[in-house]
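Visitor: Please work from the sequences and hints to get the whole structure.
Residues per chain are reported as follows:
Number of protein chains: 2
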Amino acid sequence: MKKNAIVGQSGGPTAVINASLYGVVYEVLNREDSFGTIYGMINGIEGFLNGSCMDMKPLEMSGELEYIKTTPGSYLGSCRYKLPEDLDNSVYVRLFDKFQEMNIGYFFYIGGNDSMDTVSKLSRHAAKTGSDIKVIGIPKTIDNDLIETDHTPGFGSAAKYIASTVREIAVDASVYDNKKSVTIVEIMGRHAGWLTAASSLARKFEGDNPVLIYLPETDFNPELFLESVAKTLETTPNLVVCISEGIHDENGTFVCELAGDVGIDAFGHKMLTGSGKYLENLVKTRLGVKVRSIELNVCQRCSSAMLSATDQKEAIASGAYGVKCALDGETGKMIAFRRIHSEPYTVDYVTADVNVVCNREKAVPPDWITKAGTDVSDKFLAYAKPLIQGQVNIPFENGLPKFAYRK
Amino acid sequence: MKKNAIVGQSGGPTAVINASLYGVVYEVLNREDSFGTIYGMINGIEGFLNGSCMDMKPLEMSGELEYIKTTPGSYLGSCRYKLPEDLDNSVYVRLFDKFQEMNIGYFFYIGGNDSMDTVSKLSRHAAKTGSDIKVIGIPKTIDNDLIETDHTPGFGSAAKYIASTVREIAVDASVYDNKKSVTIVEIMGRHAGWLTAASSLARKFEGDNPVLIYLPETDFNPELFLESVAKTLETTPNLVVCISEGIHDENGTFVCELAGDVGIDAFGHKMLTGSGKYLENLVKTRLGVKVRSIELNVCQRCSSAMLSATDQKEAIASGAYGVKCALDGETGKMIAFRRIHSEPYTVDYVTADVNVVCNREKAVPPDWITKAGTDVSDKFLAYAKPLIQGQVNIPFENGLPKFAYRK
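Chains as they are written, first to last, in this note's numbering: chain A, 1 to 407; chain B, 1 to 407.
One or more of the hints may lead you astray.
Repeated chains share a single entry, so a pair holds when one copy, or any two copies, can fit it.
Using 35 Å as the maximum straight-line C-alpha spacing, the simulated DSBU-like pairs for lysine-lysine come out as follows [unchecked claim]:
#1 Lys179 - Lys3
#2 Lys324 - Lys371
#3 Lys204 - Lys313
#4 Lys180 - Lys324
#5 Lys82 - Lys402
#6 Lys277 - Lys231
#7 Lys277 - Lys180
#8 Lys204 - Lys402
#9 Lys371 - Lys402
#10 Lys98 - Lys284
#11 Lys57 - Lys179
#12 Lys98 - Lys290
#13 Lys277 - Lys362
#14 Lys179 - Lys385
#15 Lys379 - Lys402
#16 Lys82 - Lys277
#17 Lys402 - Lys290
#18 Lys180 - Lys2
#19 Lys180 - Lys231
#20 Lys362 - Lys180
#21 Lys385 - Lys313
#22 Lys179 - Lys371
It should be emphasised that the hints constitute simulated quantities derived from the structure, not laboratory data.
Guide: Below is the structure:
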């Protein structure tokens, strides 16, 4: 008897996490010989534990699946739910009982490193109990901080959005170019500066904005920052500075912690806000120059207008490749990319051991950051450029992007 | 002897203020029988007074003019410079001497109501001194607050950006739809709520987010706001609220003034920031629910990804129509739109007396706002929908929008 598959989404969304969902669902439904149907977990493993799931097959019949491909957010809803460390916990028994009840043979989970922790635990529980369910992780994160893969679906589109938006902000900031001004753009990325580094792609010519770029990989010194800003203003009257939300001083204290309260999320991560606002006030007070701070906020991960065609294609393909790997008997694996060439850009799809991937983070290499810690090197540009190539024509209705949504 | 024309841009940029510049320049250069060349003032009238201007003709030859059409910001640079009230001031003498020196017969100024003040004064000085220079204003403002015109170039693209971005933010906010949350989106518009009202276009179905919309046209009561948020959360777990930066209490005190410092700009306007942040803290403290605030910031006026084809077409046409009117001998006029039908959408191009337009603001009509002051009516939707129609294919290079810039 053919087994069914189940797919879920977890963690923060990206512009292409639904493209990966599309890839998984489309591939399963087009392998009728191998699969029964495919279910979607509503709100990930947490919602599934509460009995929330849906049959995905009707979405293909109704044509809705095509719209999912270009819809931001997580179509199935998401969760931030950490499975117990103890693999004998009753939660696992409940989960695998449900899998058996629904005749599930394949489990696909689309997410970042916290989600790969779920994949790791489920596959280890399966191994321990002799279950033959195949558990596969499909990578996603705008942060690009997963190890064992060249890059991650979601990063390319976020990088394209950041680069184009910073380019637009720089153009906007330059309209009063007979007066000095500073614009500080705060970009997502708690511990890894990949997204902030992507702002370097915004430059139209050598020396163009953003002239100063600060990643969380190097310690941030407010006094040196003020010196650099003052010096750069002499040659760039309308200076654009890009900073990561996670910049911190040499003691590891986040700049935003100097600014006010911070909270803690479900995984124990500090919730950050306000580094840009803090520096805005610092520049205003100390340098007396016109200054504005802009937080790109969630638009970095949910803008459909700047989808990278390369990113979208890879997101779909990694979902489909996950299905193929599961059928080949792989489990406890995350789909990964191995770069063959940057020019012309070519990648291979491979699998990585999910136990190695989970709960770890990949930072921007030190030699991709300039010595002064105020810019990235050409190595980053060579790495990132292929990932933002190509535009996606999203469907419009009544003048606005048409999105899929659960009724 | 054929006279030359001169064109300038003033005030904050829009996504299509350069399309209007294109319209003026293209039309002048294509009427070789009537015009010599056309100059551009760098940084508006302020830069011109300091001797900054450029010949625009080479831009057509080099192909750069085509890229200007889809470039955000003000290609020529901008200024916020108020001419003296006293028309006998020596500044006018200097200006008109320069005009004579450069054989200027036509003056075009692209801007909002402050810029129309410049058009008014120059045309009145010309009338007073017997100068036959024709002075024409081309309207622009994302705020849509100019009187004597159905709407203003720049509004349609900003409205399209706001509607699509709020739709994306709402989709993003709904991924944890098994948990309650509030997202507050702060939208530009100091005294007029047109842009904030445009967020209503984001709804995908009746009752969809944003469920609550607050314009500066009605008084804002923080206690009633909290009541509405708490009540709406019962049926909309992931509530999106859109507010204008200019919301104020019944005494006229801006909500952001409750939050902290405010500055004053060159025209004596209060500089606003932080209404969203203030309400975020209020909701967190009083309702104890997860809450985030997002300031759309300058992206509202500089995003090229959500250009409205209708808006761009009208921006170009209003520039070209201004040239025609000047040739017909009109002066002291602003180009305006008269709407004939909303369905099918048709407009006439007319002229308005700039002395009536300048320094005044058009608010959203009271009967376009619901009684509770938490939404806009269908009248607004019927008005705004035609203005966001159509997409513009902007040129890309290396994966990013290719923009024109002054070398």
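Visitor: Hint by hint, note whether the structure agrees.
Guide: Consistency of the hints with the structure:
1. Lys179 - Lys3: between (67 Å within a copy, 32 Å between copies)
2. Lys324 - Lys371: Neither: 44 Å inside a copy, 57 Å across copies.
3. Lys204 - Lys313: Classified as both; 26 Å inside a copy, 27 Å across copies.
4. Lys180 - Lys324: Answer is neither: 57 Å inside a copy and 37 Å across each miss the 35 Å cutoff.
5. Lys82 - Lys402: Within one copy only: 33 Å inside, 44 Å across.
6. Lys277 - Lys231: Result: close both inside a copy and across copies, 21 Å intra and 32 Å inter.
7. Lys277 - Lys180: Cα proximity of Lys277 and Lys180: in one copy and across copies (19 Å, 27 Å).
8. Lys204 - Lys402: Classified as both; 32 Å inside a copy, 8 Å across copies.
9. Lys371 - Lys402: Classified as between; 30 Å across copies, 46 Å inside a copy.
10. Lys98 - Lys284: Cα proximity of Lys98 and Lys284: none, with 59 Å in one copy and 37 Å across.
11. Lys57 - Lys179: For Lys57 and Lys179, the Cα distance is within 35 Å only across copies (27 Å; inside one copy 59 Å).
12. Lys98 - Lys290: between (60 Å within a copy, 31 Å between copies)
13. Lys277 - Lys362: Classified as both: same-chain Cα gap 27 Å, cross-chain 32 Å, threshold 35 Å.
14. Lys179 - Lys385: within (33 Å within a copy, 38 Å between copies)
15. Lys379 - Lys402: between (38 Å within a copy, 23 Å between copies)
16. Lys82 - Lys277: Both: 32 Å inside a chain and 30 Å across chains, each within 35 Å.
17. Lys402 - Lys290: Classified as between; 28 Å across copies, 39 Å inside a copy.
18. Lys180 - Lys2: Cα proximity of Lys180 and Lys2: none, with 68 Å in one copy and 39 Å across.
19. Lys180 - Lys231: Classified as within; 12 Å inside a copy, 47 Å across copies.
20. Lys362 - Lys180: So Lys362 and Lys180 pass the 35 Å test across copies only (32 Å; inside, 37 Å).
21. Lys385 - Lys313: Both. Shortest intra-copy (16 Å) and inter-copy (33 Å) distances satisfy the 35 Å Cα cut-off.
22. Lys179 - Lys371: within (30 Å within a copy, 45 Å between copies)
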